[in-house]
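**Q** Sequence:
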Amino acid sequence: MRNDDDMAVLLSAPVDAGTLSRLHRRLEQAAEQADLIDVAYTTIDSPVGKLLLAATPKGLVRVAYAGEDHDRVLETLGHKLSPRILRAPKRLEEATREIDEYFARRRRVFDVPLDLSLSHGFRRLVQTHLPEIGYGQTRSYRDMAELVGNPRAVRAVGTACATNPLPIVVPCHRVLRTDGTLGGYIGGLAAKTTLLDLEAAA
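Residue numbers (my numbering): 761 to 962.
No wet-lab data here; the hints were simulated from the structure. Here a beta-carbon is modelled for each residue, glycine too, at the ideal position from N, C-alpha and C. Wrong hints could be hidden among the right ones.
So the derived label-pair ranges between C-beta atoms look like this [to be verified]:
no., residue 1, residue 2, range
1, Ile804, Thr888, 32 to 38 Å
2, Asp798, Asp957, 33 to 39 Å
3, Gly827, Arg937, 32 to 38 Å
DSS-like cross-link-like pairs, simulated, lysine-lysine; straight-line CA separation at most 27 Å [what the hints assert, rightly or not]:
no., residue 1, residue 2
4, Lys810, Lys850
5, Lys840, Lys850
6, Lys810, Lys840
7, Lys850, Lys818
8, Lys840, Lys818
Kindly produce the complete structure, drawing on both the sequences and the hints.
**A** Following this line, the structure appears as structure tokens:
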């Protein structure tokens with residue numbers, strides 16, 4: 761038996777990144793085999809900064825910008841969906857590939873399965889219709905209100921866009937104010953401009 765001092769030395773010894781990576785892969789494989797992952801996540805680099813992607817077995821459930829605080833996003837997912845969350849990049853390979861293709865101008869429509877369980881009611885209705893705005897096109901908040909059958913709900917459409925849990929993939933960046941100005945965006949106006957310019961140049 762080691763004494764407490766020996767154990768303290770072992771626990772405080774630095775662990776190199778390679779060892780940590782190998783240990784995490786073993787944990788990921790064991791959790792997959794035991795069906796213990798309810799929410800898998802990864803982070804990827806993009807022209808609009810580091811993005812967090814999270815998925816349930818149903819599909820991609822969250823895309824989060826760095827400005828949203830990825831740790832806080834994961835904490836919220838733990839409360840709203842399940843505490844069984846693990847970084848598992850393999851589960852997000854399809855979503856990662858499609859987002860990379862989008863930024864490389866090789867993809868205009870996303871095919872990855874989506875899990876819309878973070879949205880409800882009118883917000884979910886609006887978000888379901890957002891992919892109907894074609895690549896490189898824009899609509900106003902008023903247009904979207906009319907599209908979903910509630911012309912007076914312009915502000916509610918704005919809220920639905922602002923709370924979209926799947927930005928980029930569900931293209932709320934294509935919705936502008938009635939006067940053509942950008943309006944708000946969960947990733948910030950610089951990110952919204954980047955996405956609109958990317959599509960306009962294709």
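**Q** Determine which of the earlier numbered hints do not hold for this structure and return their numbers in increasing order.
**A** Those not satisfied are hints 1 and 3.
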